[in-house]
Structure formats: C-alpha cells, structure tokens
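Start from the sequences and build out the full structure, keeping to the hints where you can.
Single-letter residue listing:
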Amino acid sequence: MRRKTREELLTHAALIVITFLVMAPVLFALSKSTQTRAQVFHYPPIFGPGTAIVQNYVTAWKAANLGIYMKNTLIVAAIVMFFKTAFSMFAGLGIVYFDFPLKEPIFYFILFTLMMPTEIMIVALFQLVSNLGWSNSYLALTVPFLASATGVFLFRQHFSSIPSQLVDAARVDGAGPIRFLFNILLPMSWNTIGALALIQFIYMWNQYLWPLVIIREERLQLIQVGLRSMTAVQDVTNWGVVMAGAILAMIPPMIVFMLLREQFTKGFALGQEK
Amino acid sequence: MYTAKFKGKTLPFILLSPTLVILAVFLYYPVIQTFRLSAYRTAFLGMKKHFIGLGNYVELLHSTEYWHTVWVTIVITALVVILGMGISLFIAILANKPIKGAPIYHLLLIWPYALSPAVAGVVFLFMFSPGFGPVSYITAQLTGKDVNWLGDPNLALILIVIASIWKNLGYNIVFYLAGLQNINTEVLEAAEIDGAGAWRKFWSVTFALLSPMTFFLLITNITYSFFDIFGMVDIVTKGGPQDATNVMIYHLYRNGFEYYKTGMAAAESVILFALVVGLTLIQFRTSGKHVHYGG
Chain A
-15 MRRKTREELL
-5 THAALIVITF
5 LVMAPVLFAL
15 SKSTQTRAQV
25 FHYPPIFGPG
35 TAIVQNYVTA
45 WKAANLGIYM
55 KNTLIVAAIV
65 MFFKTAFSMF
75 AGLGIVYFDF
85 PLKEPIFYFI
95 LFTLMMPTEI
105 MIVALFQLVS
115 NLGWSNSYLA
125 LTVPFLASAT
135 GVFLFRQHFS
145 SIPSQLVDAA
155 RVDGAGPIRF
165 LFNILLPMSW
175 NTIGALALIQ
185 FIYMWNQYLW
195 PLVIIREERL
205 QLIQVGLRSM
215 TAVQDVTNWG
225 VVMAGAILAM
235 IPPMIVFMLL
245 REQFTKGFAL
255 GQEK
Chain B
12 MYTAKFKGKT
22 LPFILLSPTL
32 VILAVFLYYP
42 VIQTFRLSAY
52 RTAFLGMKKH
62 FIGLGNYVEL
72 LHSTEYWHTV
82 WVTIVITALV
92 VILGMGISLF
102 IAILANKPIK
112 GAPIYHLLLI
122 WPYALSPAVA
132 GVVFLFMFSP
142 GFGPVSYITA
152 QLTGKDVNWL
162 GDPNLALILI
172 VIASIWKNLG
182 YNIVFYLAGL
192 QNINTEVLEA
202 AEIDGAGAWR
212 KFWSVTFALL
222 SPMTFFLLIT
232 NITYSFFDIF
242 GMVDIVTKGG
252 PQDATNVMIY
262 HLYRNGFEYY
272 KTGMAAAESV
282 ILFALVVGLT
292 LIQFRTSGKH
302 VHYGG
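Protein sequence lines correspond, in order, to chains A and B.
Per the numbering used here, numbering through the first sequence is continuous, rising by one, with the last residue being 258.
Per the numbering used here, numbering through the second sequence is continuous, rising by one, with the last residue being 306.
Hints are computed from structural coordinates only; laboratory data are not their basis.
Note that the coordinates shown come from a computational prediction; the quantities given were computed from them, not determined experimentally.
Glycine is no exception: its CB is placed at the ideal position from the N, C-alpha and C atoms.
Be a bit skeptical, because a hint or two may be false.
Stated by the list, open to error - Subject to a maximum C-alpha distance of 25 Å in a straight line, what follows is the list of computed PhoX-like cross-link-like pairs (lysine-lysine): (1) B:111 x A:-12; (2) A:250 x B:111; (3) B:212 x B:111; (4) A:87 x B:111; (5) B:212 x A:-12; (6) B:108 x B:212; (7) A:250 x B:108.
Said to hold, decoys possible - Here chain B is said to cover these stretches of chain A; the calculated rule only asks that three of the stretch's residues, wherever they fall, bring their Cβ under 8 Å from a Cβ of chain B: (8) 38 to 51; (9) 56 to 65; (10) 77 to 84; (11) 119 to 127; (12) 186 to 192; (13) 232 to 238.
Here's what the structure looks like:
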C-alpha cells in the first residue's frame, strides 16, 4: 500500500512538470499579451501580468482586423461543416443502404482522394479557381472543401454498425430512404456528426496556404493569414498585440474542442473497433 | 455484415452526386492538371509557356538546391515523427495511470490538438527571438553568450522541430490515450502473473497492442511534417537561414507563387504526390498484415 502511494505521488509530480512544460508557451503568450511594449522588451524578461491588457486586445481585434478575420473564418468553417456533414451523410446512405451499378469503382474513386491533400495541387487549383472567377470570394474558400473521403467513410462505418433489422422495420412501416435517414439514422449519428464537425472546424480554422494564395483582399482574409501579417514587419512589431492575437485565434477551436471532445472520442472509438 | 437494402437505381446516384462532383472537379481535375502543367516551362511571370516534356524533372534532379530541400524535409520528418511520437506515448502512458485527477491532466495535455501551426509559429518566434525572447534569455544565461536561434542554420532547424513537436503533442496524445484505454487490463495482469517485468510488459504487451495506433499516427505525423509544417516555416524562418529550413512544400510555394515558375512548382507537386501515394499504399498494405490488431 505504501509503495503504491509513493508511486502515485511520483506520477503526479511527473505529470505536473510535463503539464507545465506543455502549457508554458501559452502561459507565456498569455502573460505577454497583457504587457506594454516597454514591459515586453524589458531585460531580463518579465513573466506575469502587465498593464496593457485591454489596449492590446482591442488593438489586435480592431486595428489588426482580427475581429473581421475571425468572423470570416467562422462563416467559412460553418458553411463547410454543414454541407460536408450533409453530403457525407447522403453518400454514406447511398453506399450502405443501396445496391447500384459501378458501386465498387465509385467507392475507390472516393477512397483515392485520401491521397490528395490540397497542398499537392495548389498550383493547378489556384488556376482553376481563378479561371472560375472565384478568387477573393467565399466560394474559393468553401466549395473545394465541401466533400471528403474521411466524412464518407466515417458515416459508412457508423451506418454499417447499425442493425439491419431497422431498415426492414422502416420498410414495413412504409418509410422511404429519406424518411429513414432523418427519422432513424440521424438521431443515432450524433457522435459521428460531432466527431466530423470537430475535425472539420479545426481543419478550416487552421487553413493557411490556400487562403494565403487565393485571397488578396484584406477584408476577406482568414484568421491564420491575418496572424501572419501581424508579424510581417518585425522591427516595428508590437509583440504584446501579436500575442493577444495568438490568444484570440486559439479561443474558438478550443471552445469547439471542449464541447465536442466526448463525441470525438466516441465517434472514433466506434471506428477503431472495426 | 449483411445490411438490408432499399430499392432504387437513381436515388443512390443523386445521394452521391454532390460528393462525386466536388471530388472530380476540385481534386481529380487539379491533380491531372498538375501533371500536365509539370511538362511546361512558364516564363514572363506566367504569361507564356512552352512544352518541355520532362525538362522540369531533369532540372530538379540536377539541382543541388532541390536535393537540399528533400534532405531538410527528411531530417525534420524523422525528428518530428520519432521524438514527437515517443514523447507523446510516454506522456499518454503516465496520464493513463489510474490516479486521482486523471481527467484534469488529460484535458490539460490534449488541448494543443486545437492549436494551429501559425499560432505555434508566432509564439515560438517570439520566445526564441534574439534579445528579448525568454528562451534566448535563458540560453544566454546558461551558456554565457548570445545564442542566435533564428540566425544559426542548425539551431533554426531545431527550433522548427521543437515547435512542430509541441503543436502536434495534443493530437498524438488523444489517439494514444484512446488506444491505451482500449487495452484489456487482463492481458497485462496475465503478463504480470507470468513474471514479466515492467519493461517486458511494456514492449511485449502495451506496445504490441498499440501497434495499429502507432502505425496510423506514423502516417499522419509524416503527412503533418510534409505539409502542415508550411505555416510554421513561413512564419518563423521563411525557409532560412541559408535555406536550413527550406522544406519541399515551402520551396514549391515559392516557385509557384513568388517566382511564378508554375511548371517547376507543378513538377515538385508531382514528386510530393508520388511520395504521398507511396506512403498511403504502404499504409493500406501493412494495416491488417504485420500490424497487431485486437486485444
């Protein structure tokens, strides 16, 4: 018993040190985000709260346009989350609950896109979207991302694990596939939807390269590129404001993560068992 | 498993059409276009182009600068994958112990999952800035001289690796914790009864049972080091100093969007694509064969 408590104490000590190390960069950013320029450049460095908290955050939000960038990113992420989830669910319904010609080639057609990250075709995608006249628009930031193999496979996996008696029962009741989807599948799919929503939100929130090349109008830019432009002029950079910006940019994905963490683990735990 | 089916031949196509159309137009078409573009040389800021066949590839293969970016990518990827996954596994095992307050530790350890490479880049750029960055201050106190993290090629590379590992800790820990929680404790108890020591128990049981997860993370961590690292490099070092952190994706971006060498950038994309396809095929082949499942 004694040995056990000692071991537990050691584990606690190790975890506290590790947690502190993992948190350190953000605690540091948090502290600097409250400091005036003089406090930031003070030598030796000051760790602790400063006196410019309101000023820094207001400057980041308004003068550095982070408020606008965050609003843009929220809109883009919400559009992609909604349509991608819906389209993936439709595709999952089609694949799991229907037999149709060319099913296997279509399945592989979707599967192969797992090997095609945006970065790999960035030059050609840029030309395509520019030729469509979509540069500097939300269309460029959303439409190319509305479908994904990951989404289709998450739903396929989930639907396959639902007992088939339910379909038979639905048919006896005279329900068509669409009613079956909304009345029976949808209520059973919240973990999968939550998992996909979390992955998609963070994926869209962290978009960097694509908005960097396709968006040239500042008022339409997304948050990560906005953060980049804050550091672009290094000699005159007000680091207190930049750190306030970094903290602001962290908050929305953090909230979504906290809200959907449970669904995320459950949605994936189901997938892992297969 | 057998699943009862609905009747209808057109409805499934209607259900699949949004996904298929978008994948065809915005994934397959650009990929094919990339192959086509890679056979052209673009000049005059992308206004003129002429067919040169494999010319771009030949030029790349003879360019020491390009091989250097390949080397840098390999070094960064190896370090991020091995150290990042090792550290994450170690932390996940500690956090998985049945102690009081475990959920709080879990929460505090996996939140970096929500971090972006750009945020990590901005914070690390500041921390390691010469003169006023706290890490520069600490290294100056310890060594007695100014350590220029951003100016020294080797140190800049190490900085990118540390920042990349830190950013990806949350992701790796989430999946390792999920994997550890799925391990049947009876197997571990059985090993203990058989007289296995802690080390033996770890390698023969825990690590073996985690192998599917490790393999999944291996692939996602490699892709992360290939592509997601872009934002970090762009913000912290811009590929410098002296090209020390100029990874393949950054080199590609510069050719495509700063020097307007579209054809060359397309050829670089095809090479990266070939690497991704290779890795994915290994993933498909290996999963289920050499990797231990179940438990």
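Which of the numbered hints are not met once you compare them with the structure shown? 4, 8, 9 and 11
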